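Trainee: From first to last, the protein sequence lines stand for chains W and L. Position in the first sequence (first residue = 1) + 114 = this note's numbering. Position in the second sequence (first residue = 1) + 151 = this note's numbering.
None of these hints come from the bench; they were simulated from the model. Treat the numbers as computed from the prediction; the structure is a model and nothing was measured. All the pointers check out, no bait thrown in.
Reference listing, derived: stretches of chain W covered by chain L, where coverage requires no fewer than 3 residues with Cβ under 8 Å from a Cβ of chain L:
# : stretch
1 : 165 to 172
2 : 260 to 267
3 : 277 to 289
Below, a sample of chain W positions facing chain L; criterion: calculated Cβ distance under 7 Å:
#  : residue
4  : Met148
5  : Leu227
6  : Ala228
7  : Leu253
8  : Gln256
9  : Asn344
10 : Val351
11 : Ala366
12 : Ser370
13 : Phe394
14 : Ala398
Heads up, the beta-carbon is just placed ideally off N, CA and C, and yes, glycines get one too.
Here's the letter readout for the chains.
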Amino acid sequence: MTSTRLPVTVTESIVTAYEPRRSQRRSTPPQIVMYIVLTIGAVVSIFPLYWLLVMASNATGDIYKSPPTFVPGPRLFENVAMVFTRIDFAGALLNTIIVASSVTFLVLVLDSLAAFAFAKFDFPLRRTLFTITLVTFMLPMQLAVIPQFITMTNLGWVGELQALIVPAAANAFGIFWLRQYIVSAIPDELMDASVLDGAGFFRQWFAVCLPLIRPGLGFLGIYTFITAWNDYMWPLVVLTDPHRLTLQVATAQLKSAFGQDYGMVMAGALLSVLPLLVVFLLGARQFVGDIAKGAIR
Amino acid sequence: MYAAIAPFFLLFLAFGVFPTAYSLVLSFQDWNGLGAPEWVGTSNFERLFTDGTFWLAVRNTFVIFVLSTFPMLAIAITIAAMLNNAVRYSTAFRIAYFVPNITSVVAMAVLFGSIFSDNFGLANAALNAVGLPDIPWLSTPLGIQVTIAILITYQWTGYNAIILLAGMQSIGTEIYEAAKLDGAGPIRSFFWMTLPLLRPTILFVLVISTITGLQSFTEAQVLTSTASTTNPNSGGAGQGGLTMVLYFYQQAFSYSRFGYGAAIAWGVFLIVVVFTIISWRFVAGRREDKLSG
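Please construct the entire structure, taking both the sequences and the accompanying hints into account.
Mentor: Pasting the structure below:
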């Protein structure tokens, strides 16, 4: 509105100083325009998911007529049933749940133990070990992929779920994140008090540390679960048995093998997104706040 | 104490440190995974340097990176600035903007493959509806690159907006009050105060976008994959979707060239590091001028 206003005159600054309500209104762009733009942006963000539902619930022929259908159709259950008969989608769903849950549990336990040690205790090589963790964490994943595959071959784990679970349990990001959290969430006095009570390291970890960092664990848990659920390159490399896949690999395979049957392929894609969406929406309020906090620190 | 960090570090040593070190050794070897590896010195790197397909992949990756990163940052800053002023429904908006980032890349690539399908896709139907001709999205190299860039922009704009918003909120309100008294309008205070003060956050967002953008793989792999077994994972029409990491994957796992694959991985790493430093300088370097001025 008044955005291109020319610089300061004395009178003007006096006027704005004495009319706080008016100046406040001037300082923001017209509210209604802002809300319209924000709403359009939100619609663009959500629309692909809606379109996924439309495609998954129609026959392929109905999707590709002109003009296309814009409303969900009656064929969702037929398409979903087709997904489960064409490939072992139920198995893929189960595998993904097993992998994502195990990885999340292991990361929370191992990372909180190590982060607690790094944050509140002094021991030889503490700095060196922490630096090594950070540096390796910044190395890109594809550097490790080929040797990792060779290791899995030697262990006989190729095609097995532990090939996805065990390497992912060594999550350096979690140590970094939780260490920050513990430093600010647990006062030293509390540590001293628990020592006077005769608590050893593991008692302190379990009785003092874990309860106090629950929100931090919540964020790391959701983050780890989402990452494990959506992981694609490593499962694609190591899951060589077509009967033991994760959802992401199975969905990609549906596309390349049955690309013509869009209704069915989209039903598979929808099913691979839906459980995660529920997990996210349950913790969304806190999660969206925390991911920003992690970046700003 | 060591019992507490031992489980993590044993795993970390076996699945973090060791593979990285081993891949450096592998890059000097020729090995297909069977039999004995053969030591070949620097010949993998010499080959990489003259490999036209690798440089095509580098070029593709940078085209996709430029096409996605700059629109993404511009839109994300705009959204963040608006969310910073909007008081109502702010949480609902933030959740909506974050949803694209948690939906899996595979599912979205499958969906975008249909939306941007040449003949019947929604994108071309929309173009036709307003009287524009079809665009051959997935049958030309540039079309594929634009589609991948749109997909990346779709998935990461909201995430970056949320982070930029947090950066804006950490700027005190006093400074805006002072600017207001000096008669600075919203646009002026945005460009002369918000943007300079936001520089550390913009830097963070740019570095993250550079690192992830230059290593994009899933978008390209899923969008261009076919059931065909001749030259798999080659990036679709004219190899337009062949990114650096997709080329790495193809050489290492479609053709079992472990030594050459490892050399590609280190080449990609080097390019990413150099380019991250450049974009860091680009944003951070100018801050010193501002502060001294």
